[in-house]
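Colleague: Going down the list, the sequences are from chains H and L. Take 1 as the starting number for the first sequence in our numbering and just add one per residue. Take 1 as the starting number for the second sequence in our numbering and just add one per residue.
Note that these hints are calculated values from the structure, not bench results. Since we're looking at a predicted model, the values are computed, not measured. No residue lacks a Cβ here, since even glycine has one placed at the ideal position from N, Cα and C. Please note: incorrect hints may appear among the correct ones.
DSS-like, lysine-lysine: derived pairs with alpha carbons at most 30 Å apart [to be verified]:
#, chain 1, residue 1, chain 2, residue 2
1, L, K286, H, K113
2, H, K79, L, K286
3, L, K79, H, K287
4, H, K40, H, K79
5, L, K79, L, K40
6, H, K40, L, K40
7, L, K220, L, K40
8, L, K40, H, K286
9, H, K286, H, K40
10, L, K287, H, K40
11, H, K286, L, K79
12, H, K287, L, K40
Only part of the chain H face toward chain L is listed, based on derived beta-carbon distances under 8 Å [stated by the list, open to error]:
#, residue
13, D43
14, P66
15, F80
16, A312
17, M323
18, L324
If you want the footprint, here are the derived chain L segments under chain H, 3+ residues with CB under 8 Å [as the list claims (entries may be wrong)]:
#, stretch
19, 24 to 38
20, 62 to 70
21, 76 to 85
22, 290 to 304
23, 312 to 321
Spelled out, the chains give:
There are 2 protein chains.
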Amino acid sequence: MFAVQQNDSSTPARTGLLSTAHGHIETPVFMPVGSLGTVKGIDPDELQACGYGLILGNAYHLYLRPGHSLIAGQGGLHKFMQWPGAILTDSGGFQMVSLADLCRITEDGVGFKSHLDGSWHQLTPEFCMEIQVALGSDIMMMLDHCPPYPSTEFQAQEAVERTTRWAKRCLAVPRQEHQFLFGIIQGGVYPHLRQEAAAQLLELGFDGYALGGLSLGEEKETMFRVIQDVTAQLPLDRPRYLMGVGLPEDIVEGVCRGVDMFDCVIPTRHGRTGWLFTSSGRVLIKKAQYARDEAPIDSACECPVCRRYSRAYLRHLFVSNEMLGIRLNTLHNLWYYGTLMAKIRRAIRNGQLQEFRTQFYQAREGHEQGLEQDPMCA
Amino acid sequence: MFAVQQNDSSTPARTGLLSTAHGHIETPVFMPVGSLGTVKGIDPDELQACGYGLILGNAYHLYLRPGHSLIAGQGGLHKFMQWPGAILTDSGGFQMVSLADLCRITEDGVGFKSHLDGSWHQLTPEFCMEIQVALGSDIMMMLDHCPPYPSTEFQAQEAVERTTRWAKRCLAVPRQEHQFLFGIIQGGVYPHLRQEAAAQLLELGFDGYALGGLSLGEEKETMFRVIQDVTAQLPLDRPRYLMGVGLPEDIVEGVCRGVDMFDCVIPTRHGRTGWLFTSSGRVLIKKAQYARDEAPIDSACECPVCRRYSRAYLRHLFVSNEMLGIRLNTLHNLWYYGTLMAKIRRAIRNGQLQEFRTQFYQAREGHEQGLEQDPMCA
Chain H
1 MFAVQQNDSS TPARTGLLST AHGHIETPVF MPVGSLGTVK GIDPDELQAC GYGLILGNAY
61 HLYLRPGHSL IAGQGGLHKF MQWPGAILTD SGGFQMVSLA DLCRITEDGV GFKSHLDGSW
121 HQLTPEFCME IQVALGSDIM MMLDHCPPYP STEFQAQEAV ERTTRWAKRC LAVPRQEHQF
181 LFGIIQGGVY PHLRQEAAAQ LLELGFDGYA LGGLSLGEEK ETMFRVIQDV TAQLPLDRPR
241 YLMGVGLPED IVEGVCRGVD MFDCVIPTRH GRTGWLFTSS GRVLIKKAQY ARDEAPIDSA
301 CECPVCRRYS RAYLRHLFVS NEMLGIRLNT LHNLWYYGTL MAKIRRAIRN GQLQEFRTQF
361 YQAREGHEQG LEQDPMCA
Chain L
1 MFAVQQNDSS TPARTGLLST AHGHIETPVF MPVGSLGTVK GIDPDELQAC GYGLILGNAY
61 HLYLRPGHSL IAGQGGLHKF MQWPGAILTD SGGFQMVSLA DLCRITEDGV GFKSHLDGSW
121 HQLTPEFCME IQVALGSDIM MMLDHCPPYP STEFQAQEAV ERTTRWAKRC LAVPRQEHQF
181 LFGIIQGGVY PHLRQEAAAQ LLELGFDGYA LGGLSLGEEK ETMFRVIQDV TAQLPLDRPR
241 YLMGVGLPED IVEGVCRGVD MFDCVIPTRH GRTGWLFTSS GRVLIKKAQY ARDEAPIDSA
301 CECPVCRRYS RAYLRHLFVS NEMLGIRLNT LHNLWYYGTL MAKIRRAIRN GQLQEFRTQF
361 YQAREGHEQG LEQDPMCA
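Next up, chain H with everything else stripped away, as it sits in the complex:
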């Protein structure tokens, strides 16, 4: 399923090839989030044009709406949403905790009140697998117990132990032949718990290993330390997936610590809120300074938005709440992330990752000021 292609000489970074029934994906890879069977506002052709071959779906969302059985009856999620590439489905454990009106975790599984209509649902590890089998995703995620941040050592330990017990139950569920299953390593910010969690899941054996419970509010340095420690413990021949991360700089740092896969709502959600990524930092398009700016978002960007539209037009669309603005912003950000990953892979292949990393930060120097108001990236 996964083959490392090139190891970086100075860091644990590597390039690899992830082979699925819906295409081969070069890693390190970023996966756009399409929780409800659509990457918000963007169609499959546009996703492919941005360089994506693997996107995310979400078992929690699709179970609630339109229902996994309905999607199975339509030939599975790929066909339903007409996505020719590969799909990784998150189990939705995180969404049950963060989105549901009420959530109760027991040994059996997660009980929660739907954020849509208040109805009560119970998702066991087995049912969570069943949903993802019905969806037919290429990579399934086990149901994990993701404790909030901050958590006490005791809470974190409890979550690790429960996650391991759930991991066994998930592994016992039959999957479609093409489906891989990833384990999720919890343990909060406690090194020995992360180590314990990884060791237990490694013993069970998964197709890939994910780092869960990060980017929840802990210090960046803490997150990077956890990533570094955990990936060092993981087998070289299995993909490592850092869940829910992150900003471009987080991805660069994650890659340099041996991560192969990333997903995050940032490029899409930031597009909707008018934050645009460029090689020299972020642009908040609603600012008055762009009202008459004839330049593209990023002169160095070759995306369909930058090739055609001015900042002035994009600002007008955004302040007028025009849907096309949100769509174009999102498309630009997805292109930025797709291009960033391609550059990272090229740098690793050429043995120039450190040069890339230095240039990446140099290009942003002095540009990221005054962006403290960014609600998502403070």
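Given the coordinates of chain H, work out where chain L should sit on it, guided by the hints.
Modeller: Chain L in isolation, oriented as in the chain H frame:
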């Protein structure tokens, strides 16, 4: 500017060619509405793929946001929105009356409170021309006095007389060399007032003539009678434009009464509210009956949406408030309207307009039931 190409033998319908600085447009033509410098959610390539070469902008909206001077500074509306085709700008007289919080019409012009921030504005006929000159549209509309429906004969007469006086003032304003100016015929549902209005504008001489003040709540038969009477009075060598109309059946009937140009928010707004047009009538996509429907919106449709997506997926997107659903619905409806116009033109050219009209209605028989809840087309 306009040349009739083929006259229908049994009705006043005709095909023609409208020649602008931004392309030649075959008539009868439907113009999608892009009030704020964007057809909501749809990009220029998609508009062209649907067969459109002429779209609408709105002086009222663009004056308020982002401002006509700003757009002029950006090289005009075409460049600002990156639309390679032609643009007709409405003067916004109708929007001032229908959208503004408060509106006071005097001989000088229209005073109104912005629907955006309550600020007070005064648009004279001259200023309205100035805005459209700054926008650089290919076809400008005079500022008219559009009385509400119903209006008394006295009110309608007053509006006609004022419109004629404003017409003179509009004609006196210098335009860019490529800009055409259309007069707007008012007169409500009163035949002698419509006749008087048309005669007065014809004497002044415009590049084209629009029928304003229709589709405001009057009976369909009344509207068709007015259209028929007025077009019979208009010169054969000038385009006739029926403003703000309408449903597919209204367009078919308008063409059969000699109308060359139409505009309406229906395909776009209906797309956003989940009403989809098909050859056999309208589909309300949110209905439960489509939850597992693997068929496209319209099996006979060759649009990018029908070629790819099922009703089940579109229903899921719509009930989940997903932006892609609104975008795809809108794209389908715009394709439907574009294709409808192409079929109408072909029928006229082939001398088969009556056959087309008969088939058009036959295909919908029995299908338009149960759609009484459509808030826009009751």
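Colleague: With reference to the structure, classify each hint as holding or not holding.
Modeller: Hints versus structure:
1. As the CA atoms of L/K286 and H/K113 are separated by approximately 24 Å, the hinted pair is consistent with the 30 Å bound.
2. About 20 Å separates the Cα atoms of H/K79 and L/K286, which keeps this hinted pair within 30 Å; it holds.
3. Annotation: proposed proximity of L/K79 to H/K287 holds, straight-line Cα distance about 21 Å (limit 30 Å).
4. Note on H/K40 and H/K79: the hinted pairing holds, with a Cα-Cα distance of about 17 Å set against a maximum of 30 Å.
5. The suggested pairing of L/K79 with L/K40 holds, with an alpha-carbon distance near 17 Å, which does not exceed 30 Å.
6. Distance hint between H/K40 and L/K40 is fulfilled; the C-alpha atoms sit about 16 Å from each other, no more than 30 Å.
7. At roughly 28 Å between alpha-carbon atoms, L/K220 and L/K40 fall within 30 Å of each other, so this suggested pair holds.
8. Of the pairs offered as hints, the one joining L/K40 and H/K286 holds, with about 19 Å between alpha carbons and a cut-off of 30 Å not exceeded.
9. A C-alpha spacing of about 20 Å is found between H/K286 and H/K40, which places the hinted pair at or below 30 Å, so the restraint holds.
10. Between L/K287 and H/K40 the CA atoms are separated by roughly 22 Å; this keeps the pair inside 30 Å, and the hint holds.
11. Proximity of H/K286 to L/K79 is assessed by CA-CA distance (about 20 Å); at most 30 Å being required, the pair is judged to hold.
12. Between H/K287 and L/K40 the alpha-carbon distance is near 22 Å, which keeps this suggested pair within the 30 Å criterion.
13. Restraint check, H/D43 versus chain L: the minimum CB separation of about 7 Å is within 8 Å; hint holds.
14. Because the beta carbon of H/P66 sits about 4 Å from the nearest beta carbon in chain L, less than 8 Å, this interface hint is met.
15. Checking H/F80 against chain L by beta carbon gives a least distance of about 6 Å; that is within 8 Å, so the hint holds.
16. Here the hint on H/A312 is kept, as its CB sits about 6 Å from the closest CB of chain L, short of 8 Å.
17. Given the 8 Å rule on beta carbons, the hint for H/M323 holds: about 4 Å separates it from the nearest Cβ of chain L.
18. The closest approach between the C-beta of H/L324 and any C-beta of chain L is roughly 5 Å, which is under the 8 Å cut-off, so the hint is satisfied.
19. Under a criterion of three residues with beta carbons nearer than 8 Å to beta carbons of chain H, the stated coverage of the stretch 24 to 38 of chain L is upheld, 3 such residues being counted.
20. Beta-carbon proximity to chain H at under 8 Å applies to 3 residues in the stretch 62 to 70 of chain L; the threshold of 3 is reached and the given coverage holds.
21. Here's how the stretch 76 to 85 of chain L fares: 3 of its residues keep a CB closer than 8 Å to some CB of chain H, so the rule of at least three is met and the hint holds.
22. Counting residues of the stretch 290 to 304 of chain L whose CB lies closer than 8 Å to any CB of chain H gives 3, which reaches the minimum of 3, so the coverage claim holds.
23. Only residues whose beta carbon comes within less than 8 Å of a beta carbon in chain H count, and the stretch 312 to 321 of chain L has 7; three or more means the coverage holds.
Of the numbered hints given earlier, the model fails none.
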